[in-house]
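Chains A and B are the protein sequences, given in the same order.
For the first sequence, position 284 matches number 284 in this note's numbering, and the numbering has no gaps at all.
For the second sequence, position 40 matches number 40 in this note's numbering, and the numbering has no gaps at all.
Honestly, I wouldn't trust all of these hints.
Which copy is meant is left open, because identical chains are indistinguishable; a pair holds if it fits in one copy or across any two.
Restricting the straight-line Cα-Cα distance to at most 20 Å, the calculated cross-link-like pairs of lysine to aspartate or glutamate (EDC-like) are [as the list claims (entries may be wrong)]:
1) 18 with 256
2) 345 with 387
3) 366 with 325
4) 44 with 207
5) 74 with 24
6) 44 with 57
7) 44 with 59
8) 213 with 288
9) 291 with 59
10) 252 with 6
11) 363 with 329
12) 213 with 293
13) 291 with 62
14) 44 with 62
15) 295 with 207
16) 194 with 6
17) 18 with 90
18) 295 with 42
19) 75 with 183
20) 252 with 221
21) 388 with 340
22) 18 with 253
23) 194 with 162
24) 366 with 42
25) 18 with 289
What the hints contain is simulated information worked out from the structure, not anything from laboratory work.
All values derive from a computational prediction rather than experimental measurement.
There are 2 protein chains.
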Amino acid sequence: MPRISEKAIQMPQSPIRKLVPYADAAKARGTHVYHLNIGQPDIKTPEQVINKMRNLDREVIEYSHSAGYPSYRKKLTNYYNNLGLNITEDNIMVTTGGSEALLFLMQVCLNQGDEVIIPEPFYANYNGFATSSGVNVVPVTATIDVNFALPPIEDFEKLITENTKAIIICNPANPTGYVYSQEEFEVLKKLVIKYDLFLFADEVYREFCYSGKALSVLSLEGLDDNVVMIDSVSKRYSMCGARIGAIVTKNKEVLENALKFGQARLSPPTLGQIAGEAALETPQNYFDEVKEEYKARRDYVVNRLASMEGVKCPMPNGAFYAIAELPVDNAEAFCQWLLEEFSYKGSTVMFAPAAGFYSTKGKGLKEVRIAYVLNISDLTNALDCLEKALPQYQQEKMMAKSDLNNFN
Amino acid sequence: MPRISEKAIQMPQSPIRKLVPYADAAKARGTHVYHLNIGQPDIKTPEQVINKMRNLDREVIEYSHSAGYPSYRKKLTNYYNNLGLNITEDNIMVTTGGSEALLFLMQVCLNQGDEVIIPEPFYANYNGFATSSGVNVVPVTATIDVNFALPPIEDFEKLITENTKAIIICNPANPTGYVYSQEEFEVLKKLVIKYDLFLFADEVYREFCYSGKALSVLSLEGLDDNVVMIDSVSKRYSMCGARIGAIVTKNKEVLENALKFGQARLSPPTLGQIAGEAALETPQNYFDEVKEEYKARRDYVVNRLASMEGVKCPMPNGAFYAIAELPVDNAEAFCQWLLEEFSYKGSTVMFAPAAGFYSTKGKGLKEVRIAYVLNISDLTNALDCLEKALPQYQQEKMMAKSDLNNFN
């Protein structure tokens, strides 16, 4: 039997999805599972999108241009220009989700063995794209005590070597919900200029910012060749399944070379692009309502967590995630226990253990990522489960320990 | 300005799409361009698919399972089992087109620097996926004189080194239209067993076989761990834009590891999967009619080419491509000239220069790939263009040469 590759062996499992078999088993036993582990919102996709699909005026579902439909890219420029960014069609390549955008950027900009610095905890799939591309991830640790703010410039500089090629940020951040300030952007700008680095910014949660506005790296002056923005329709319009994203940059060389990777895979999904183009007609009140809803959920979740003994959860200002530190030694074991051994009123809750969002071994062991993507009624039941589970788990652990001591 | 990667520089441009700027310029001048360069059929997508989209019963366009919707995979097993293959849901991972299937397989099965042997001419994007994965393509040359049959076993064995890890075939073949025989399959089986190799078979043109049936590598006994089939809905249902394909294999290790790469990109396109599932309801008469149509086009194209002086074109038995050798020194220069300098009755024709489908430098320089994806009326006009163009091009070249001689 031929052997698989080293890369495949190294390829990390998704920390968001690795507990799925336990969730499936719980469901098979008849237990309801509240999924706060994955960023799949229950928010409705705009009716403009659903109606467009229901009036599909195609006879052949053809390939599009490898960089995406020109009509779609044209309309995207309006969207970006309304944000105060000065973007032309030639600055945009449509991709198969933000995922493909990141994968292409790593391949286009970094050599085998090059290093990319990423503030941790970070969106775990960055590891996957780095492994795919033979790129080494160098984490710079942000901490829960300062609400996961950008680590100080010295922490970055300590990590920079001749192999450092890029910095990746996510703003607003998955999994922390942190939104970077203008001052933090200036720090990043200083680093990028001083060491001639690429700055990739994953800005797919732009619309989910609960006070003030999320800045875009594209607004940083004098960085046109360094800065690349990753975008996606997934969260903005609650259409994760469309698999439509974009690379947006003024660096022509990067975009032209990304297009070669894009040509190899022929084109981004046609139906998703039709959906994406229709989504640009979504009225403002959709976003206002969705933001209000998420804000209410965030406030509810953070307040409930604050009332639980031993739980620490800073208030996130963006996206729809919160990182909570739990009074347990190993959050992954606890999450698995929630699925395997716990239920309350026939239900349990699933979180993503946060250790998978850290690259440094041993960090985030007590933390979980909570995606507040369910309505408040479901969130209430889910957090009721957590509230009941924590003391029960602690007691069981204590008893197991005392049993162990009796044996000794 | 930070430098892009070596990989990006090495990444080949698509030979199918590289002349696109000349085609765009021709169109801008008002010349109609018949696109025989790209495998984008004009055949209608089955009405079962279009109707499904028009009755879309979703409120949220969500992620699917990373391996594809279970309901879709379940129905796919019926499709494969009707072909006489014994496939379960656990043998299938749904991918974003056949493209992603191939990319994942290279990443999962081959290390940096490993070699994959591919009979050339081959689908040019295999080069792209190999470059992405740091894999070296080793071509074994098939020739137009024997209709692009599988090269003899000795030709393969000469190329096998300790780094050889896999063989890729495409059956029915893009770009040659060749369909492998049982005897050729036995040769491949012998090689794969003797050298413990993976055999990846791109079988996306299965339904387009004009006499007899295309065999599947999955029917080869005793090769469950070696054989992986790549599939796609693109051509079968004329829905290239759906971007839905599949990895099908009994090798659990390959599939489990491919799923890690699949988790990193979250899920294949949801709308495309809905389309793919609906497409499985397509009645047999759709395929019968489409096959008849392509057969008529093939016969027309090959007969017209046979009547042109100096043109050689073997009769392909599958897919919807033919390779033709033209009486020109450099088919790429000729293809460019067709777009830049030629028109007949306001039209011209675009082919894919075949050199881009060979990995060996200098092979296929006089050949083009013709995709007979247009109706016979369009094919007639397109081939009228070629018939007029060839003598005109030869005369212009001769005059240019004699001008040059006069200068000497």
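When no copy is specified for residue 44 and residue 207, does a C-alpha distance of 20 Å or less occur within a copy, between copies, both, or neither? Classified as within: same-chain Cα gap 16 Å, cross-chain 39 Å, threshold 20 Å.
20 Å Cα threshold - placement of residue 6 relative to residue 194: Answer is neither; intra-copy 35 Å and inter-copy 23 Å both fail.
As a check of your reading, is residue 75 near residue 183 (CA-CA no more than 20 Å) within one copy, between copies, both or neither? neither (32 Å within a copy, 54 Å between copies)
Status of residue 289 relative to residue 18 across identical chains (alpha carbons, at most 20 Å): neither (33 Å within a copy, 46 Å between copies)
Should residue 44 paired with residue 57 be assigned to within, between, both, or neither, using CA atoms and 20 Å as the limit? Classified as between: cross-chain Cα gap 12 Å, same-chain 23 Å, threshold 20 Å.
With 20 Å as the alpha-carbon cut-off, assign the pair residue 363 and residue 329 to within, between, both or neither. This pair counts as within: shortest intra-copy Cα distance 12 Å, inter-copy 64 Å.
How would you classify residue 388 and residue 340 at a CA-CA limit of 20 Å: within, between, both, or neither? Within one copy, since 15 Å is at most 20 Å while 74 Å is not.
At 20 Å max between alpha carbons, let me know whether residue 44 reaches residue 62 within a copy, between copies, both or neither. Between. Shortest inter-copy distance 10 Å satisfies the 20 Å Cα cut-off; intra-copy 27 Å does not.
State whether the alpha carbon distance between residue 18 and residue 90 is at most 20 Å within one copy, between copies, both, or neither. between (39 Å within a copy, 17 Å between copies)
I want to check one pair: residue 213 and residue 293. Are their C-alpha atoms no more than 20 Å apart within a copy, between two copies, both, or neither? within (17 Å within a copy, 57 Å between copies)
I want to check one pair: residue 345 and residue 387. Are their C-alpha atoms no more than 20 Å apart within a copy, between two copies, both, or neither? within (13 Å within a copy, 78 Å between copies)
Go through the copies and call it for residue 18 and residue 256: within, between, both or neither, with a Cα cutoff of 20 Å. The answer is between: 12 Å across copies meets 20 Å, while 36 Å in one copy does not.
In summary, the numbered hints that this structure violates are 16, 19, 24, 25.
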